[in-house]
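Chains as they are written, first to last, in our numbering: chain A, 78 to 272; chain B, 10 to 162.
Among the hints, erroneous ones may be present.
Unchecked claim - Below, simulated SDA-like cross-link-like pairs (lysine to any residue); rule was C-alpha separation at most 20 angstroms, straight line: (1) B:K119 / A:D186; (2) B:K149 / A:L123; (3) A:K233 / B:I144; (4) B:K119 / A:Y145; (5) B:K119 / A:W122; (6) A:K120 / B:E140; (7) B:K85 / B:R117; (8) A:K120 / B:E141.
Stated by the list, open to error - A few chain A positions that, by computed beta-carbon distances, are all more than 12 angstroms from chain B: (9) C162; (10) N170; (11) K174; (12) K183; (13) T192; (14) M202; (15) P238; (16) G255; (17) D262.
Simulated from the structure, these hints should not be mistaken for lab results. We put the beta carbon where it would ideally sit given N, CA and C, even for glycine.
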Amino acid sequence: MVKTRDSKRRKPVTHVQVPEEIIVEILSKLPVKVLLEFKRVSKSWLALISSLEFIKTHLNSSANNKEYYNHRVILKDMKGKLKDCSLRSLLYNPITKASEIDYPMKEFDIMWFGTANGLICLAYMEKPYDYEYGFPKKTWPSSGKNICIWNPSIRKWKKLPRFSAMRMSCLFCRYGFGYDELHDDYKVVVMFADT
Amino acid sequence: MITLQSSDKDVFEIEQSILIQSGTIKNMVEDDFTFIPLPSVDTETLIKIIEYMKKHADKTDSKEKNIKEFDKDFMKKTLNELFALVFAANYLHISSLLELLYPSIADRIKDKITEAIRQIFSIRCDFTPEEERRIIMDNKWAHEGTEIEGTLD
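Just chain A, same shape as in the assembly (with noise of 0.2 angstroms):
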């Protein structure tokens, strides 16, 4: 049973302040790009969206979306070369576009490793690929000097130091990357044997 009166004329919602806990959850659901745009709102939307905290808040509310709005799939051409495509559209749409992604090193042969939390461990030969027949040689680094970290989302990336116990007889590495919970770091682990 309703009993009603005139209404009277509200003001418009956009004249009132939005708590923050209500912005953290709504910038938790866009996506990363738009979360970098909107860095320049102001000095608080700045300090929240690069704060640690909102970063955790956004990779668990965007990993644990079962529609997978926000996924992406990487993929190497037959040219040794990455791109990348919606994993929503490969599920649910009869043909699915890649497109050219800026990454690290493009012009050299590189090979990832590892991921964790979106970040993505590569390896790089400072040479150009070898070609055979159109399609480069498998020649993988045996000195394993050079690795990056790369983030695709954000599009950055960070050479790691060449690490000090490198042995130019290396025969053969073996690369792993991952995230260390108990210290809420990110580790990379390089085996390597020599003769």
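Using the hints provided, position chain B relative to the given structure of chain A.
This is chain B only, laid out in the frame that chain A set:
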């Protein structure tokens, strides 16, 4: 039956079983309140909230598809209305409605230009033009091909 009163002083009598979806109301009912004033929720918004709770009160399996359709249509509102709902749902602690509203609002604002965002969230720009330029340059690729939507709705 519980009586809710909006900020416009309109009253609504609703069954307790429907209203307990609101954590706030549930607590008050447990403290034996039967008349609950809601000074921060206006009539228009309260009507919508009640509509939502009524639909979600009966959560049997057969109704699930029906509810999903309802939710989809329920989000087809102006941005102003969605914000009014999010404030009310936040105050009333209706988590299922909040989980519906957050991505809907996010989707609605994601293509908007900076100035529209500032107006929607009532934010004053406190950057100097130089500072703002630096932020844009830092993530230049993100700003390319944007600035297409300037409405407040």
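Consistency of the hints with the structure:
| no. | hint | result |
| --- | --- | --- |
| 1 | B:K119 / A:D186 | 36 angstroms, violated |
| 2 | B:K149 / A:L123 | 15 angstroms, holds |
| 3 | A:K233 / B:I144 | 15 angstroms, holds |
| 4 | B:K119 / A:Y145 | 17 angstroms, holds |
| 5 | B:K119 / A:W122 | 15 angstroms, holds |
| 6 | A:K120 / B:E140 | 10 angstroms, holds |
| 7 | B:K85 / B:R117 | 10 angstroms, holds |
| 8 | A:K120 / B:E141 | 10 angstroms, holds |
| 9 | C162 | 18 angstroms, holds |
| 10 | N170 | 19 angstroms, holds |
| 11 | K174 | 17 angstroms, holds |
| 12 | K183 | 15 angstroms, holds |
| 13 | T192 | 21 angstroms, holds |
| 14 | M202 | 26 angstroms, holds |
| 15 | P238 | 23 angstroms, holds |
| 16 | G255 | 27 angstroms, holds |
| 17 | D262 | 24 angstroms, holds |
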